[in-house]
Amino acid sequence: MSTAAAATSPVKAVTRSRLFWPAVVLAVLLVANLAFTPDFFAVRLQGGHLYGSLIDILHFGAPLILVSLGMTLVIATGGIDLSVGSTVAISGALACLHISESSDPGSLGTVLTALGIALGTAVLLGTVNGLLVAKAGVQPIIATLILMVAGRGVAQLITDGQIITVTSDPYKMIGGGYWLTMPFAILLSALVVLATVLLTRSTALGLLLESVGGNPVASRLVGIRAMRLVALVYVFSALCAALAGLMVSSNVSAADGNNAGLWIELDAILAVVLGGTSLNGGRFSIGGTVLGALIIQTLSTTVYTIGIPPETTLVFKAFVVIVVCLIQSPAFRAKLAARGARTRRTTRSHAAAPTNREVGA
Amino acid sequence: MRQQPVLEVRGIRKEFPGVVALDGVDFRLFPGEVHALMGENGAGKSTLIKVLTGVYQSDGGEVELAGEQVRVTGPLQAQQIGISTVYQEVNLCPNLSVAENIFIGREPRRFGLIDWSAMRRRAAELVRGIDLDIDVNAPLNSYSIAVQQLVAIVRAVDVSAKVLILDEPTSSLDRDEVRQLFTVMRRLRDQGVAILFVSHFLDQIYEICDRMTVLRNGRLEGEYLTSELNQVELVSRMIGSELAGLDQLGGGKRRERTAPTGKAFLQADRLTRRGAVEPYDLDIRPGEVVGLAGLLGSGRTEAARLLFGADQNDGGTVRIEGEVAALRTPRDAIARGIAFCSENRKTEGLVGELTVRENIVLALQAARGWTRPLSRTAQDAYALKWIRALDIRPGNPEALVRNLSGGNQQKVLLARWLITDPKLLILDEPTRGIDIGAKAEIQKLVANLAEDGMAVLFISAELEEVLRLSHRVGVLRDHRMVAQLDNDGALTPERIMATIASGAHA
Numbered sequence: 449m450s451t452a453a454a455a456t457s458p459v460k461a462v463t464r465s466r467l468f469w470p471a472v473v474l475a476v477l478l479v480a481n482l483a484f485t486p487d488f489f490a491v492r493l494q495g496g497h498l499y500g501s502l503i504d505i506l507h508f509g510a511p512l513i514l515v516s517l518g519m520t521l522v523i524a525t526g527g528i529d530l531s532v533g534s535t536v537a538i539s540g541a542l543a544c545l546h547i548s549e550s551s552d553p554g555s556l557g558t559v560l561t562a563l564g565i566a567l568g569t570a571v572l573l574g575t576v577n578g579l580l581v582a583k584a585g586v587q588p589i590i591a592t593l594i595l596m597v598a599g600r601g602v603a604q605l606i607t608d609g610q611i612i613t614v615t616s617d618p619y620k621m622i623g624g625g626y627w628l629t630m631p632f633a634i635l636l637s638a639l640v641v642l643a644t645v646l647l648t649r650s651t652a653l654g655l656l657l658e659s660v661g662g663n664p665v666a667s668r669l670v671g672i673r674a675m676r677l678v679a680l681v682y683v684f685s686a687l688c689a690a691l692a693g694l695m696v697s698s699n700v701s702a703a704d705g706n707n708a709g710l711w712i713e714l715d716a717i718l719a720v721v722l723g724g725t726s727l728n729g730g731r732f733s734i735g736g737t738v739l740g741a742l743i744i745q746t747l748s749t750t751v752y753t754i755g756i757p758p759e760t761t762l763v764f765k766a767f768v769v770i771v772v773c774l775i776q777s778p779a780f781r782a783k784l785a786a787r788g789a790r791t792r793r794t795t796r797s798h799a800a801a802p803t804n805r806e807v808g809a
Numbered sequence: 004m005r006q007q008p009v010l011e012v013r014g015i016r017k018e019f020p021g022v023v024a025l026d027g028v029d030f031r032l033f034p035g036e037v038h039a040l041m042g043e044n045g046a047g048k049s050t051l052i053k054v055l056t057g058v059y060q061s062d063g064g065e066v067e068l069a070g071e072q073v074r075v076t077g078p079l080q081a082q083q084i085g086i087s088t089v090y091q092e093v094n095l096c097p098n099l100s101v102a103e104n105i106f107i108g109r110e111p112r113r114f115g116l117i118d119w120s121a122m123r124r125r126a127a128e129l130v131r132g133i134d135l136d137i138d139v140n141a142p143l144n145s146y147s148i149a150v151q152q153l154v155a156i157v158r159a160v161d162v163s164a165k166v167l168i169l170d171e172p173t174s175s176l177d178r179d180e181v182r183q184l185f186t187v188m189r190r191l192r193d194q195g196v197a198i199l200f201v202s203h204f205l206d207q208i209y210e211i212c213d214r215m216t217v218l219r220n221g222r223l224e225g226e227y228l229t230s231e232l233n234q235v236e237l238v239s240r241m242i243g244s245e246l247a248g249l250d251q252l253g254g255g256k257r258r259e260r261t262a263p264t265g266k267a268f269l270q271a272d273r274l275t276r277r278g279a280v281e282p283y284d285l286d287i288r289p290g291e292v293v294g295l296a297g298l299l300g301s302g303r304t305e306a307a308r309l310l311f312g313a314d315q316n317d318g319g320t321v322r323i324e325g326e327v328a329a330l331r332t333p334r335d336a337i338a339r340g341i342a343f344c345s346e347n348r349k350t351e352g353l354v355g356e357l358t359v360r361e362n363i364v365l366a367l368q369a370a371r372g373w374t375r376p377l378s379r380t381a382q383d384a385y386a387l388k389w390i391r392a393l394d395i396r397p398g399n400p401e402a403l404v405r406n407l408s409g410g411n412q413q414k415v416l417l418a419r420w421l422i423t424d425p426k427l428l429i430l431d432e433p434t435r436g437i438d439i440g441a442k443a444e445i446q447k448l449v450a451n452l453a454e455d456g457m458a459v460l461f462i463s464a465e466l467e468e469v470l471r472l473s474h475r476v477g478v479l480r481d482h483r484m485v486a487q488l489d490n491d492g493a494l495t496p497e498r499i500m501a502t503i504a505s506g507a508h509a
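Line by line, the protein sequences give chains A and B. Per the working numbering, the very first residue in the first sequence carries number 449; after that it's consecutive. Per the working numbering, the very first residue in the second sequence carries number 4; after that it's consecutive.
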């Protein structure tokens, strides 16, 4: 019967899963670290807090996970958001400025107001991006490039070109605090990931986003209000970036308009792509994106723990990323498999050698 | 009087997997003539042009240019040996200047550098040569599509002046622009250029062309002098023997149908959109199937899109159940119970990377909004119900829709709209390119839906199909609704054809 084709072996179902290759890559990276750092997997409890390389990866990867999360939905609609790095900087700068100028930086009220200012501004920035893309029809890469460049300047204006330092325990909690033995940032990002999965998959938002990204013309003709959805997604992305910005500045108790979130948009795009969401839009995978972000963070951690000289860090990262992309490319795997099969064939039968000669090789 | 043909092809054959697109076609083109290539959609016109211009390699037959046998291996080589093409969409660089566009890739040079003044001078001469008064330094996109097309022609003729192929050049031009184009074509013809002209506008063919070649189903139907073949004969040769067999095929099976009376669900009053369709009136009652007939490009789709809010009308009104309705977007139309299956399943209908289930529930889900999701159980129920009802194969709701065959994709689209329980279903070429079994199933479904009280607007290039299903047939020609004929049993494909051909400007 026709349904017979659908029944595949469980092994095949696992390898065909969109999360399979990102998971394999992450596992390989982690295991590779074990060779250089034997206690890489060790997690120990010290003073009621968990410590270890794995915890570090999750902790320092939390902002990237958040930014990548917003980026995933933007990319699903066929867009891109280059302004997230600037939003990270602006959000941290605004929050720190408010706290540092307040008479009572340690009070919860001050910190909550600071969060409100940062997140509210993010909604505004996201709305600008969203309207430029959805309403004015500006290409996403251009529309968000504006804020990427201008936003960095705005952050520098807010901080007056200085690094604003704050001393506030409630604020320190967001990025640097611990709760239930875990770094609070990990719990916060996990919560946001979970909420986003629920938001997209237990409402129809995910389906409609994938439809808009997969075929905008058809989506209009089935009556999807694409404009509204697309604008909404940029707001969401800005919110995620702002939250990441709070985390980053909280962790170091300082806002640096020049360097906070610098180039994080590129890491986020990379995380989304590594996670198996196509830049053409359409199908997206939040789980894949989280794996992608963790791959990138593991790579950064690896660079430090195995002591790669700082001047070769970027080259090393680029090399690993190229390999990872190639491994994930079905076309490349098929080519590799074909070549493997051919070499096996030729080595087996010497007589067949002339027919296998490659033309023009 | 006539000399050697400048271009002669004999026995050209071109196959695609599963289809013979051209089957032993002969074709001649003489210097100093405008020659029309005629045929319905799918007759092989585009394939023949693509073989002549080297986009496709033929699987058999020979091509002779000026008496010498040639092999056309690619578009660039075709230009070098003297065959140039101007396509419907101007494929020049809109943001470069007119002069740059004319000489791009073959710029006049001095000491290895581009000689700009020579380029401008020669471009100005060429443009003046066809009585076109434009600034050759201005960017191409500062001019209308018509002028851009003329610039493309100037370039094509200057590159190689033997054979010029114009593929649907007039489809986006208005009347005056067409006249301007024709003036240029006549001038080039008098200079000895052989012009091959493809157009869906019969009037234009008869105005400009000296001879025509008619293709049907990939075969040569014949070569005629325009003066010796009137429009009715031309249309019947394009549609061809399918008609001869129609009586045996359809005559007995045609349903006995009495047109429903009563209030119209939808009334269009002088509805129009500039450049797409001239003002037309149309009533559709519940339970009624109204067919739209006409050649491809006659404005059938354009007329239907206005009723769905897919395009904005710039004149006239639509009443739905007696009330004036502003259909600004498809969403407005859907909210009023209208559904539209586009003729372009892939580009305007399905989301290829989503599953059959997701594609089926998409319209209903869009109407509910993202905050009120259909439960997975409900989605599965809809998908399974319609997979069974329409016999969609494979019967797996989780299959990606892009992997389905054309007929099954069409059924998925139908299912998508039927679960929204529409009052008016607009079907644009629902049976095109699908196999005969699926075609019969879809026809039966349409008839049943109408019997249950749904209003249907049925667009098809196949007159047989339109007649079998419709109570009434609107006939379009050159973007105008020229007649509405009652399908009272006496209506024949011949009469529809005669209406298409004569145009009965009334």
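Treat the hints with care, as some may be off.
[What the hints assert, rightly or not] SDA-like, lysine to any residue: derived pairs with alpha carbons at most 20 Å apart:
no., chain 1, residue 1, chain 2, residue 2
1, B, 349, A, 731
2, A, 620, A, 549
3, B, 349, A, 714
4, A, 620, A, 495
5, B, 266, B, 489
6, A, 765, A, 731
7, B, 53, B, 29
8, B, 266, B, 235
9, B, 266, B, 327
10, B, 165, B, 146
11, A, 583, B, 266
12, B, 349, A, 668
13, A, 583, B, 29
14, A, 583, A, 476
15, A, 583, B, 334
Hints in this document: simulated from the structure, not taken from any laboratory.
Consistency of the hints with the structure:
Between the alpha carbons of residue 349(B) and residue 731(A) the distance comes to roughly 17 Å, so the proposed pair stays at or under 20 Å and holds. Our distance criterion of 20 Å between C-alpha atoms is met by residue 620(A) and residue 549(A), whose separation comes to about 16 Å. For a cut-off of 20 Å, the pair hint linking residue 349(B) to residue 714(A) is broken: about 33 Å separates their Cα positions. For the proposed pair residue 620(A) and residue 495(A), the alpha carbon gap of about 18 Å is at most 20 Å, so the pair holds.
A C-alpha spacing of about 17 Å is found between residue 266(B) and residue 489(B), which places the hinted pair at or below 20 Å, so the restraint holds. For the hint pairing residue 765(A) with residue 731(A), the CA-to-CA distance comes to about 27 Å; that exceeds 20 Å, so the pair is violated. Proposed proximity of residue 53(B) and residue 29(B) is supported: the alpha carbons are some 15 Å apart, at most 20 Å. Taking the CA atoms of residue 266(B) and residue 235(B), the gap is near 36 Å; set against the 20 Å cutoff, the hint is violated.
Our distance criterion of 20 Å between C-alpha atoms is met by residue 266(B) and residue 327(B), whose separation comes to about 14 Å. Restraint check: the Cα-Cα separation between residue 165(B) and residue 146(B) comes to about 27 Å, which exceeds 20 Å; the hinted pair is violated. Pair hint residue 583(A) plus residue 266(B) does not hold up; C-alpha atoms about 40 Å apart against a cutoff of 20 Å. Proximity of residue 349(B) to residue 668(A) is assessed by CA-CA distance (about 14 Å); at most 20 Å being required, the pair is judged to hold.
Straight-line distance between C-alpha atoms of residue 583(A) and residue 29(B) comes to about 52 Å, which puts the hinted pair past the 20 Å bound. About 44 Å separates the Cα atoms of residue 583(A) and residue 476(A), which puts this hinted pair outside 20 Å; it is violated. A hinted pair counts as satisfied when its Cα atoms are at most 20 Å apart, and residue 583(A) with residue 334(B) qualifies at roughly 17 Å.
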